[in-house]
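A.B. asks: With chain A held as given, fit chain B onto it using these hints.
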Amino acid sequence: MENNRRCVVTGLGLVCALGDNTEKCWSAAINGITGIREVTSVDTTDCYANKGAEVSASSAELSDEDYDRSSLLCIKAAGEALADAGYDAERFDNTRVGVIVGNCVGGAASIDKYYTDEIKNDGGKTSDILKMPAAAIANNVAKHFGLDGVTANIVNACAAGTMSLSYACDLIRSGKADAFVAGGSDSFSSLAFSGFHALHALAADACSPFNQSNGITLGEGAGILIIESYEHAVARGAKIYCEVLGSGVSSDAHHITAPRPDGEGQMSAIKRAVKNSGLEFTDVDYINAHGTGTAKNDEAEFLSLHTLFDGNDHVSVSSTKSMTGHCLGAAGSIEAVLTVKAVCEDIIPPTIGYTDEHLEQLKEKAGAIDFVPNTKREKPVDYAVSNSFAFGGNNASIVFSKNEHDIPDNTNKQRVFITGIGELIGKNDSEGKGLRCDITGDDYKEHGIKMAFYRKLDRFSQLQLISGMRALADAGVTVDDTNANDIGIIIGTADGPMTEIVGFQKNTIQQGTANGSAFSFPNTVYNAAGGYFSIFAGIKGYNVTVANSIQAGVQSICYAVDVLHSGEEAVMVASGTDENTDVTHELYSKLGYGLTLGEGSVSLILETEDNANRRNAEKYAEIVGCAMTHKAVEFGTLTGSEDAMKRAVTDACAEAGITPDDISAVCGFKNGHSTVDSIESTILSQLFTKDIPVISIRDEIGEARAAAATRQAAHAAKLLKEDTDGKYQYILAVAAGVGGSYSAVVLKKA
Amino acid sequence: MLVENLRIPADELEYTSELFGDDIGLDSIDSIEIIAGIDNLFGVQMTGAARENFQTIETLTKFVEENMGE
Chain A
1 MENNRRCVVT GLGLVCALGD NTEKCWSAAI NGITGIREVT SVDTTDCYAN KGAEVSASSA
61 ELSDEDYDRS SLLCIKAAGE ALADAGYDAE RFDNTRVGVI VGNCVGGAAS IDKYYTDEIK
121 NDGGKTSDIL KMPAAAIANN VAKHFGLDGV TANIVNACAA GTMSLSYACD LIRSGKADAF
181 VAGGSDSFSS LAFSGFHALH ALAADACSPF NQSNGITLGE GAGILIIESY EHAVARGAKI
241 YCEVLGSGVS SDAHHITAPR PDGEGQMSAI KRAVKNSGLE FTDVDYINAH GTGTAKNDEA
301 EFLSLHTLFD GNDHVSVSST KSMTGHCLGA AGSIEAVLTV KAVCEDIIPP TIGYTDEHLE
361 QLKEKAGAID FVPNTKREKP VDYAVSNSFA FGGNNASIVF SKNEHDIPDN TNKQRVFITG
421 IGELIGKNDS EGKGLRCDIT GDDYKEHGIK MAFYRKLDRF SQLQLISGMR ALADAGVTVD
481 DTNANDIGII IGTADGPMTE IVGFQKNTIQ QGTANGSAFS FPNTVYNAAG GYFSIFAGIK
541 GYNVTVANSI QAGVQSICYA VDVLHSGEEA VMVASGTDEN TDVTHELYSK LGYGLTLGEG
601 SVSLILETED NANRRNAEKY AEIVGCAMTH KAVEFGTLTG SEDAMKRAVT DACAEAGITP
661 DDISAVCGFK NGHSTVDSIE STILSQLFTK DIPVISIRDE IGEARAAAAT RQAAHAAKLL
721 KEDTDGKYQY ILAVAAGVGG SYSAVVLKKA
Chain B
1001 MLVENLRIPA DELEYTSELF GDDIGLDSID SIEIIAGIDN LFGVQMTGAA RENFQTIETL
1061 TKFVEENMGE
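Sequence lines, in order, name chains A and B. Be aware that the first sequence starts at 1, since it is given in the numbering used here, and climbs by one per residue. Be aware that the second sequence starts at 1001, since it is given in the numbering used here, and climbs by one per residue.
Calculated from the structure, these hints are not laboratory results. Keep in mind that a hint or two might mislead.
Using 35 Å as the maximum straight-line C-alpha spacing, the simulated DSBU-like pairs for lysine-lysine come out as follows [what the hints assert, rightly or not]:
no. : chain 1 : residue 1 : chain 2 : residue 2
1   : A       : Lys176    : A       : Lys275
2   : A       : Lys690    : B       : Lys1062
3   : A       : Lys365    : A       : Lys24
4   : A       : Lys427    : A       : Lys690
5   : A       : Lys176    : A       : Lys296
6   : B       : Lys1062   : A       : Lys506
7   : A       : Lys749    : A       : Lys619
8   : A       : Lys296    : A       : Lys450
9   : A       : Lys427    : A       : Lys721
10  : B       : Lys1062   : A       : Lys450
11  : B       : Lys1062   : A       : Lys749
12  : A       : Lys379    : A       : Lys427
Pairwise CB distance ranges, derived in the manner of DEER restraints [said to hold, decoys possible]:
no. : chain 1 : residue 1 : chain 2 : residue 2 : range
13  : B       : Ser1017   : A       : Asp313    : 54 to 64 Å
14  : B       : Gly1043   : A       : Asp429    : 39 to 49 Å
15  : A       : Leu591    : B       : Val1064   : 36 to 46 Å
16  : A       : Asp643    : B       : Gly1021   : 29 to 39 Å
No experiment lies behind these values; they were computed from the predicted model shown. Every residue, glycine too, gets a C-beta built ideally from N, C-alpha and C.
Next up, chain A with everything else stripped away, as it sits in the complex (with noise of 0.2 Å):
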């Protein structure tokens, strides 16, 4: 089908504090009516807070399915959302409709269940187990609507929301699907309360943004939005709400919970949405701000703000947080649930909480930006903009536009290569608990990182910030001022940094939500890893992690080139993953998949041609073809994938304009489980008409998930490299991920 690159906006759900439906959420919201009252489900005794912004459904209210709460809240945006598109699988081609998610730190509620049972009842729950992932969320969607298009989790805390819409946009822009449930979704949970409390964010009173600013007020909640190709939308006459503009992601490289005093990051971040939606500051009407009300948030974004659109003399900006509350993962998307709705009914929703002194202050502050005190605006929104930021870091601004509105095209198809490639992984029997990696000071020595850095990190950013600093260095990639926003991390993980956020999940059941670790908690986010990464290496462009089981690894390679050929960046870090620590070994030996874990890091570091020629790097090997596909299973399964498989190879081979017949060997999947290994043989020998060479290198290092996908695609780069007597021209690395996701890659000799 033709694509002229408009996507749309053609359903919309939302649960939150504020109600069960977007009518419901955007009556109240336009009416000032607050979702904020005292924390139910979590124990607050000994807290200086106790308010907090809680979906008054109980999780079975929402989905009948036995999964955690932040599927189930998805799940219920969803199915609003669908019904709102009319979406009907007999006019939707489903392997083109996916789904993607985002969130913070995954199953919190069952986290803290688990554990619970485990401290004070009669022990952990093996039904709990997969519900912990962040990786489950978009699968149990997948699953609940049979969707097979490709399927992601962004875990980028508290922009997630915002990245889940960008990344469908420009998946639908390159032709990769017709359409997406994208957004976000965040339970309430004793993780998130105990962490912000520990650290001194929470506000004693419901919260106050771009006023009092002494805190925040936590949330839950899930906001979805059906985007579709505009094509596809009128095709089958559907309603379209409205248009979805360019987004920006960018890194602010500079502290793990703070955002820039400067504003330098955030600012990339809507330079990049504006300039990309082909738009100037002048020209937006609205933006649904950030906005959580910590007096670190809101003085940087009162600067980034003053400093873009001080020329602009119509704008106005609310922040929506005073009545939701901070829906985390979910914040991006219910926020831009509720900015869409602004952009459709010439309605702009208040931020609420200001007294009449306060008023007085906030004409100091507002300069001439309006910033729709306690009552809402009605004036015409043609363009709106909606701003996330996060942890690590992490930014992200998108545009929706009432009308259609032409945006350039900075499509980038060039080559793609391999420079780089830094490993960690582990080789040492670990008494029987897998393998693990052997880090020492030295690690850290040979990249001039300080103690004083190295030791705030968990297992899980260590990995990380080892191996991504060894791919730049084996690439010979210099970050500096001249390209520091021209490079962006993708990083894949199937479980993220589980090994902290069950340290610090049993220190809150043992000590109380009100003793919980300020040091532990900014680890807590699986995006923390990519954060550290960044500060210490100066990266300031893209930035995401996606949790998407052990394929993740190989899905962050895909997701990395996309990113290059949208034009965005001309170099990208792409990383796989995981731990192995008696946290996971322990989880897993439950779960009884009798796997030897491994553990480890492996990135890659993805070049465009012109740059890499330009620097003459040496290449491991180009990037040909890239596929991500899903088979819509129940998560922790595989059986019944098979075809999300053979597409996945299929697709990847037809990119790479060649046939399955001309790949040369394929790194595989096999880890020893019996379904897994036999899936891999069965398809591989329905695709291949001849015997090739099927390499595993999970017997070496053990089944160290996302690090190791990725390393199957290191592993056939090196092949590549190292072949001098024309043994291998094309090698093909596919992966797979419980739930029925897979990804490949074709590289070919350089």
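C.D. replies: Here is chain B on its own, set in the frame of chain A:
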């Protein structure tokens, strides 16, 4: 506590090491952790205590000794 909660390698830590200096580089988040840890271990409140008390293990020990049992 400094080794376990703040992950300072034990072999790099002396009683007179500058905790907030360039090498170990503790920051405001770490000081929240030290305050909570000392309250937990010794029942001594350090909220609002003067900055110099946080400089080294020696000064922290002195503060705790002087304020224990109050």
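A.B. asks: So, for every hint listed, does it hold in this structure?
C.D. replies: Checked hints:
Proposed proximity of Lys176 of chain A and Lys275 of chain A is supported: the alpha carbons are some 23 Å apart, at most 35 Å. Between Lys690 of chain A and Lys1062 of chain B the CA atoms are separated by roughly 76 Å; this puts the pair beyond 35 Å, and the hint is violated. The straight-line distance between the Cα atoms of Lys365 of chain A and Lys24 of chain A is roughly 32 Å, inside the 35 Å bound, and the hint therefore holds. As the CA atoms of Lys427 of chain A and Lys690 of chain A are separated by approximately 34 Å, the hinted pair is consistent with the 35 Å bound.
Between the alpha carbons of Lys176 of chain A and Lys296 of chain A the distance comes to roughly 39 Å, so the proposed pair goes past 35 Å and is violated. Note on Lys1062 of chain B and Lys506 of chain A: the hinted pairing holds, with a Cα-Cα distance of about 32 Å set against a maximum of 35 Å. Distance check on the hinted pair: Lys749 of chain A and Lys619 of chain A sit about 9 Å apart at the alpha-carbon level, within 35 Å; holds. Of the pairs offered as hints, the one joining Lys296 of chain A and Lys450 of chain A holds, with about 26 Å between alpha carbons and a cut-off of 35 Å not exceeded.
Between Lys427 of chain A and Lys721 of chain A the CA atoms are separated by roughly 24 Å; this keeps the pair inside 35 Å, and the hint holds. Simply put, Lys1062 of chain B and Lys450 of chain A have alpha-carbon atoms about 29 Å apart, close enough for the 35 Å limit, and the pair holds. A hinted pair counts as satisfied when its Cα atoms are at most 35 Å apart, and Lys1062 of chain B with Lys749 of chain A does not qualify at roughly 66 Å. Straight-line distance between C-alpha atoms of Lys379 of chain A and Lys427 of chain A comes to about 63 Å, which puts the hinted pair past the 35 Å bound.
With their beta carbons about 56 Å apart, Ser1017 of chain B and Asp313 of chain A fall inside the hinted range of 54 to 64 Å. For the hinted restraint 39 to 49 Å between Gly1043 of chain B and Asp429 of chain A, the CB-CB distance of approximately 44 Å keeps it satisfied. Range check, Leu591 of chain A to Val1064 of chain B: Cβ separation about 45 Å, and the 36 to 46 Å hint holds. Distance hint check for Asp643 of chain A and Gly1021 of chain B: the Cβ-Cβ separation is about 59 Å, which falls outside the suggested range of 29 to 39 Å.
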